[in-house]
Amino acid sequence: MATAAINVQNLTKRYGPILAVDNISFQVQPGELVGFLGPNGAGKSTCMRILTTWQPASSGYAWLAGYDVMYQSMEVRQRIGYLPESVPLYPEMRVREYLSYRAKLKGVERRTRTARIDYCVEKCRIKEVQNRLLGTLSKGYRQRVGLADAMLAAPPILILDEPTSGLDPVQIGETLNTIKELGGQHTVLLSTHILSEVEKVCERVIIINKGRIELDETMKSIAAREPAYIIEVRGPELAVSQFLQEQPEIISVAAVSLGNDLTSFEIKTKDSHDVREELAKRLLTRGWGIRELSVRRVSLEALFSAVVLRRSDSPDEPLPKPLPAA
Amino acid sequence: MASKVGLNRGSSDQLEEHMSTASPNTSSTNPAIASLPLSTTASTPRETAPSTMVDEGPFFSRGIAFAGLFFLFLGAAAVIAKRAIGSERIISEGLGYLFATLGLTLMLYHAITDSSVEVRRGYGAFAVFWFVVAIAFSLVPGPFEGSTDKTVGYYLMQYGIGAGLLSLLFALPFVRHETDESIRFPMLTALLIVGALLILGSTVVGIFKPDFLPGPGIALGLLGLAYLCGYLGQVDTSEDLRYSIAFALGAFGATLIVYALGRAIVPTILYEGPAALRKANQALDQWKVLGRTLVIFAFVLLAIVGVVGKVPIWLRATLGLLGLFGAGIFTLASFQAPVHVQPPPSLVPGGIILTGLGLLYLTVSIGICSDNQFVTLTRRELASYFLSPIGFLVLAAMAAAQWISYFVFILELTDGQPRPEPVVREYGMFILNIFALVILVPVLTMRLFAEEKRTGSLEVLLTAPVNEVPVVASKFFASWIFFLICWIPFGLFLIALRVVADNPFDYRPVLGFYVALAAQGVMFIGIGLFFSALTRNQVVAAMFTALAMIVLLLCTMLRFFPGAFGLPQTFLDAVGRLSFYHMLRDSLAGQLPIRDLALFVSFGLFWLFLAVKVLEARKWS
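Here the protein sequences line up with chains P and W, keeping their order.
For the first sequence, the numbering used here gives the first residue as -19, with consecutive numbering after it.
For the second sequence, the numbering used here gives the first residue as 789, with consecutive numbering after it.
No lab work stands behind these hints, which were simulated from the structure alone.
Only a predicted model underlies this, so the values are computations on that prediction, with no experimental measurement involved.
Every residue, glycine too, gets a C-beta built ideally from N, C-alpha and C.
Don't take each hint at face value.
[Unchecked claim] Lysine-lysine pairs mimicking DSS-like chemistry, simulated, CA-CA at most 27 Å apart:
1) W:K1098 to W:K997
2) P:K86 to W:K1407
3) P:K86 to P:K103
4) P:K119 to P:K200
5) P:K103 to P:K180
6) P:K160 to P:K103
7) P:K180 to P:K190
8) P:K190 to W:K1407
9) P:K261 to P:K248
10) W:K1401 to P:K86
11) W:K1098 to P:K86
[As the list claims (entries may be wrong)] Computed footprint of chain P on chain W; a stretch qualifies when at least three of its residues, placed anywhere within it, have a C-beta under 8 Å from a C-beta of chain P:
12) 1070 to 1083
13) 1213 to 1222
Using the sequences plus the hints, can you model the full thing?
The following block contains the structure:
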């Protein structure tokens, strides 16, 4: 197996008494597009700042493309493109001038420089503002200039801290498409707290909360988690429940009464077996009416809220709930 | 008047620089924009910026332009009437020049802001007109002082240079706005050709007629450089052809330096021959022999290092040849004297001027061609002074302060009393200058790191593959250059005194003053940089720097009171060395001890070292 693009081992970062990142470990393979999820203040930005060599870790190791972030900082920096959360730009420079300056700084070869800047400008859709002063740009354009800057030297690893914050929905879609296209050629680590973005583009998601990794799974395996079936039946609740539990494929039944003889059942089956047609037939033969029959796959949102809420509900956490129940 | 012309020239050079830094966009975008509708209209609608740029309407700037035109005609009429009739009516000639200048400035504003076809082409034609005027003035013969017959070039310095500069100033907005390549390209090429011809011509004539150099030589060389910068600022210099042009400029500059120094040194060495190594009694002087051996050794070393170094092949060959040539000349001169006629002195002023021009060409070329991180960063830092109003405000304030001290100095001079040299001391040590120096340093340096820390751009900068050392060095170097630029008016006023008022005085202490200022600048900027690196608040940085400057002023005060506060004399002596006031005063008196220079420079380097460590400290856990 090739060297992992990002390899983090037992990374911890304290700011004085505050524990920002707590002993996290993960690997990202070359070409992967990983979403780094977490509520505000979970330690995402801190983690990224350590990976970009801007800050030192309190303990633990991190290697990017096989280089240690602490001891081989220059080698690491030659291989990353970083978009920080606030996208600081020099307000007195013009977009194109800034990109040209950054390209020189990053050692983009003179003969390919113009073409490369053109390519990044095209990709990030900032052509129409390329002669404007950076100080006059809107947040969305600043984000895209930052993204173009991160891509300039065609680095193998891109670290993007909330690349879509401050964009309107159309721009979010376009930016995510750009990032998705980058996946494959580049390893992308993308932090955000907006779940739908991750669902759209990422192949893998890491959920971090209060400095700890709570979940590290590929989107495929999340999608392949056992689905639950929802069935709303008009009929005596007890009898229906009894009947459902007797079915051989079904392992668990949870009932919620909706009143007026209507009950919603959440059913889990063996081996993710899809039982909907069979079940409907059997229920109908008993003379019970079916109002709704649907499948509910495990969504990222459910996982996320579960993770975040569990953490803050646990007894060793004296803090109040950070998020309302979603 | 001469000082005013000189001042204008200085600031227009900065304008060139400014334009060349803002350059790379315009050139390459035009073809890109032209091709945009073809490629994208079919697939997706062209995206527009949410806050699109709305032209502020041509009416405002056109109104300005008409006012400008009015003032230009008014001023020109006044000047021409004075020349034709011989007497002034209503508007004096000086006021006429002032009106004309004002009018041209307003028109330049219009040329820069209004890009509609007829306007920009009009200004293009205007630029051509001024160019023709410049040529005409250079060719019309006129009577030089003391001779009755008229000579070509009499009006060159008076009007030719100014008209040429005006032509460039109006040509630049034209090529910037013009989208029709068939018109834009000839204009750009004309800029290139004129610039190259001026540079080459002034050098060649200057080499054969050294008297030409101080005056027209410098002016034409600088004007040529301005044209060339105008050209290079409007094209994409990463492209091979344009890169080669910028590169050739640098090569030319380097050749000029080598030539000027070589011409000053080689004939003298060969004329003196082995006699230079002997004492008055013809005995061989061991120390001189040792010195000569070291020089030869240094040249051989240069050749060896050049040839085996990791540099491009042409540079290796050049360095090798240069080293061998130098070693050969010095060896030859140690044994015989092949030149029998005493060579005329060529270093002052011709050699110095040629070297200076060469250095300028080389610097511009390096700024454009080099991809070195230090050069790139320095360019950005220096440009940021000129891209914000702060830089110009500081320059204006410094020029005003120096003008006041010059004014007071002139008032004192005109009392008719003879006074001992160096007369410039009272001018340089005027209290306002010292005050301005103390204020200037925090103003220049407070922004450097504090601003970048506050906005977070330092994070972007240092997560790029850049080390702390070039970052600190470039920020220091750029502000040090700007610090010295702030003192240029000081010298320009003296040129006025010497040339216009025809008042010969000893100018050499002024050179010493600049050297002392440069050395002290290293320490001042170093201190400011360090405090700026400590905090993210500019005001705090400025306060600490000002405090440090006041402490240095206290060192000066202590030197006026020997035995002050019952402090031990050794301490007072040591602290007194840090008195920048006394060092400046000594330098204006013609004394420039190396130990003082070394002290200030080494202190400066110490603060820079600390600044690097402060930046690195974020990584210490």
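Enumerated hints in conflict with the structure, sorted upward: Structure breaks hints 1, 4, 12 and 13.
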